[in-house]
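> I would like the entire structure built from these sequences, with the hints used as guidance.
Keeping their order, the protein sequence lines are chains A and B.
Our numbering puts the first sequence at residues 1 to 325.
Our numbering puts the second sequence at residues 1001 to 1325.
A couple of the hints might just be wrong.
Claimed, not checked - Mimicking DMTMM-like on lysine to aspartate or glutamate, the simulated pairs with C-alpha atoms at most 25 Å apart in a straight line are:
#1 B:1152 - A:155
#2 B:1234 - B:1214
#3 A:174 - B:1124
#4 A:152 - B:1155
#5 B:1174 - A:283
Claimed, not checked - Some chain B residues judged to face chain A by a derived CB distance under 7 Å, without partners named:
#6 1153
#7 1156
#8 1162
#9 1165
#10 1169
#11 1173
#12 1174
#13 1176
#14 1238
#15 1254
#16 1257
#17 1259
#18 1286
For the record, the hints were derived by calculation from the structure and aren't laboratory data.
Where a beta carbon is used, it is the ideal one built from N, C-alpha and C, also for glycine.
Given next are the chains, with one letter for each unit.
There are 2 protein chains.
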Amino acid sequence: MARYGGIDLGGTKIQAVVTDEDHEVLGSSRHPTPTSGGPPEVAAAMVAALQEAAEGAGVGTGGLTAVGVGSPGAVDDEAGTVTNAGNLPDWAGTFDLRAPLEAALDAPVGLSNDVNAATQAEFELGAAKPYRSLLGVFWGTGVGGGVVLDGKLWEGRGAAGEIGHMVVKRDGRKCPCGRIGCMEAYAGRGAMEIHARERADSGEKTVLFQLMKEKGKPRLASGIWAKALEHDDKLAHHLIDKAVEAIGVGVASALNLLDVEAVVIGGGLGLRLGEPYVERIREAMMPHLFADHHPPEVLLASLGDLGGAVGATLLAAERASLTAR
Amino acid sequence: MARYGGIDLGGTKIQAVVTDEDHEVLGSSRHPTPTSGGPPEVAAAMVAALQEAAEGAGVGTGGLTAVGVGSPGAVDDEAGTVTNAGNLPDWAGTFDLRAPLEAALDAPVGLSNDVNAATQAEFELGAAKPYRSLLGVFWGTGVGGGVVLDGKLWEGRGAAGEIGHMVVKRDGRKCPCGRIGCMEAYAGRGAMEIHARERADSGEKTVLFQLMKEKGKPRLASGIWAKALEHDDKLAHHLIDKAVEAIGVGVASALNLLDVEAVVIGGGLGLRLGEPYVERIREAMMPHLFADHHPPEVLLASLGDLGGAVGATLLAAERASLTAR
Chain A
1 MARYGGIDLG
11 GTKIQAVVTD
21 EDHEVLGSSR
31 HPTPTSGGPP
41 EVAAAMVAAL
51 QEAAEGAGVG
61 TGGLTAVGVG
71 SPGAVDDEAG
81 TVTNAGNLPD
91 WAGTFDLRAP
101 LEAALDAPVG
111 LSNDVNAATQ
121 AEFELGAAKP
131 YRSLLGVFWG
141 TGVGGGVVLD
151 GKLWEGRGAA
161 GEIGHMVVKR
171 DGRKCPCGRI
181 GCMEAYAGRG
191 AMEIHARERA
201 DSGEKTVLFQ
211 LMKEKGKPRL
221 ASGIWAKALE
231 HDDKLAHHLI
241 DKAVEAIGVG
251 VASALNLLDV
261 EAVVIGGGLG
271 LRLGEPYVER
281 IREAMMPHLF
291 ADHHPPEVLL
301 ASLGDLGGAV
311 GATLLAAERA
321 SLTAR
Chain B
1001 MARYGGIDLG
1011 GTKIQAVVTD
1021 EDHEVLGSSR
1031 HPTPTSGGPP
1041 EVAAAMVAAL
1051 QEAAEGAGVG
1061 TGGLTAVGVG
1071 SPGAVDDEAG
1081 TVTNAGNLPD
1091 WAGTFDLRAP
1101 LEAALDAPVG
1111 LSNDVNAATQ
1121 AEFELGAAKP
1131 YRSLLGVFWG
1141 TGVGGGVVLD
1151 GKLWEGRGAA
1161 GEIGHMVVKR
1171 DGRKCPCGRI
1181 GCMEAYAGRG
1191 AMEIHARERA
1201 DSGEKTVLFQ
1211 LMKEKGKPRL
1221 ASGIWAKALE
1231 HDDKLAHHLI
1241 DKAVEAIGVG
1251 VASALNLLDV
1261 EAVVIGGGLG
1271 LRLGEPYVER
1281 IREAMMPHLF
1291 ADHHPPEVLL
1301 ASLGDLGGAV
1311 GATLLAAERA
1321 SLTAR
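Structure representation (structure tokens):
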């Protein structure tokens, strides 16, 4: 009876799950990502979160068959390293993440890109289960993408899936990545916050930052955007409209190139705003879709915010079968 | 000793070749595409062109092992039909192209999309031979694209590769396809001609239409654009600059999604303008490329304007091996 551990390593939180062989969640735990201390501190927090999830699942220390990790940055599973994970503290350069995790958890550890793990989860276990090809769009602080073609994740030379940096407007807005006109410049929560701040500073009225203060948040989290929309905040509506348009345009461009069967919308903002906004993305996509007589399914991610961690358990299962050979 | 026939069916010309088993061209022939008479007339012209190429190759009637056809429109190889080939005369609706060709040529006939045939040719025999993944960009009247991933053509649900209709500018220029902001709206020779005509009509100076008249051409063919650039025609330079920028942006978007090893630039305009413009496309792509520390090769198509027809002989070889079973 295998027990898999899965960890989704994010810039603000570490989500851990323990599942059975069918990737059903038996226990889960969420810790904040350490804001200092660098990679060793982060690795320690990952171990703590997973041990907590294992306890919740009734699995003793050393009882995990294998563990998978979805991480931001450039992930090299062969070497066991993560390089330049920009959202994580002091993570410029290459850090061996596998060694400390394997030592502490006494189980083989596999590493993957976080967005690819989430895409694979939706493909194998979630909303895209009936399909053979998929575009995963994860709408959060940035906009990440994952591509599954003919049943297999397409990673290119290691950097495929950057749908957030497809250009939606030449000579458009500057993206946090430094380039011009990327989808993420309009749709990423990070970019939207910068833009909202500029407009608030120049006198535009909005409840966004007041809500942020009231909730004691350091950032305009997804819940704050949702709340501001409920308040009919004009600026929030305007920026979310622009984001939906940008996602629609970028998704249509991706579909014109790849013509996949399904698109799954996930990520913090995607999940928070839910089905009505998936419908709006679908509508924003249609005018730019070439094969518009035959649009793909556009679906809300069904694994919620556990998707990344559950996706990591798919990797754990792979790792287990590799080490068993 | 197999002998393959290949036909590239275009809106203005029918290019036929006959090759040996290694797809080396033994004979070729080019006929204008009939402008009336509909599919039967086009099929007859295809047969005539291929017979001429066969004679040139010293292959008698009935001496072809198999024949491949690259066609515009929606191609259904299983059914043997081509549907809605917009550039061909009276080709709305579905027409059985295989039956009349097989009857006249006494050889099995395989059908494929014209851009896919040209992409496959550059991949297997041309500039992209050393690579396993490829984006083919065919810059002509429109801008067609082909995608090869892990050694195999990716066709999606049949409509993949429409790189010309990836959006480069939301709220941008109207494309001949009716949509807004497509790459082709800036880079397609058809769209460029419409735009040049408008600006000439409103008084802007250009030698483009004078050159067209002198050459007795009904359209601004690729050679006319090249000539106008040599004349340092300001409007021609401006429109070609915009086209190069649009291709650079669209190619970068495609690469951010797919991260393939190589890009091949072909098509009438691409081949006519050649390597200096491939270099300019490379430069226009770089500012929008996410993995810019590791750009792919950007190469000029090496099979020239026989690429499509030679690609069709690859299909012929496939067809031959199928019918031999």
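> Evaluate each hint against the coordinates.
Hint check results:
Only pairs whose Cα atoms come within 25 Å are accepted, and residue 1152 (chain B) paired with residue 155 (chain A) is accepted, the gap being roughly 15 Å. Pair hint residue 1234 (chain B) plus residue 1214 (chain B) holds up; C-alpha atoms about 19 Å apart against a cutoff of 25 Å. With a C-alpha separation of about 40 Å, the suggested pairing of residue 174 (chain A) with residue 1124 (chain B) is violated against the 25 Å cut-off. Restraint check: the Cα-Cα separation between residue 152 (chain A) and residue 1155 (chain B) comes to about 15 Å, which is no more than 25 Å; the hinted pair holds.
Between the alpha carbons of residue 1174 (chain B) and residue 283 (chain A) the distance comes to roughly 19 Å, so the proposed pair stays at or under 25 Å and holds. Restraint check, residue 1153 (chain B) versus chain A: the minimum CB separation of about 11 Å is more than 7 Å; hint violated. Taking 7 Å as the C-beta contact cut-off toward chain A, the hint placing residue 1156 (chain B) at the interface holds, the least distance being around 3 Å. Interface restraint check for residue 1162 (chain B): the shortest CB-CB distance to chain A comes to about 4 Å, inside 7 Å, so the restraint holds.
Hint on residue 1165 (chain B) holds. Least Cβ distance to chain A is approximately 4 Å, under the 7 Å limit. At about 5 Å, the closest approach between the beta carbon of residue 1169 (chain B) and any beta carbon in chain A falls short of 7 Å, and the interface hint on this residue holds. At about 11 Å, the closest approach between the beta carbon of residue 1173 (chain B) and any beta carbon in chain A exceeds 7 Å, and the interface hint on this residue is violated. Interface restraint check for residue 1174 (chain B): the shortest CB-CB distance to chain A comes to about 12 Å, outside 7 Å, so the restraint is violated.
Taking 7 Å as the C-beta cut-off, the interface hint given for residue 1176 (chain B) is violated, the closest approach to chain A being about 13 Å. Given hint, residue 1238 (chain B) at the interface with chain A, is violated; its Cβ is 15 Å from that chain's nearest Cβ, farther than 7 Å. Annotation: interface hint on residue 1254 (chain B) holds; nearest CB of chain A at approximately 6 Å, less than 7 Å. Restraint check, residue 1257 (chain B) versus chain A: the minimum CB separation of about 6 Å is within 7 Å; hint holds.
With a cut of 7 Å, the hint placing residue 1259 (chain B) at the interface with chain A holds, because the nearest CB-to-CB distance is about 3 Å. Look at residue 1286 (chain B): its Cβ only gets to about 10 Å from chain A, farther than 7 Å, so that hint breaks.
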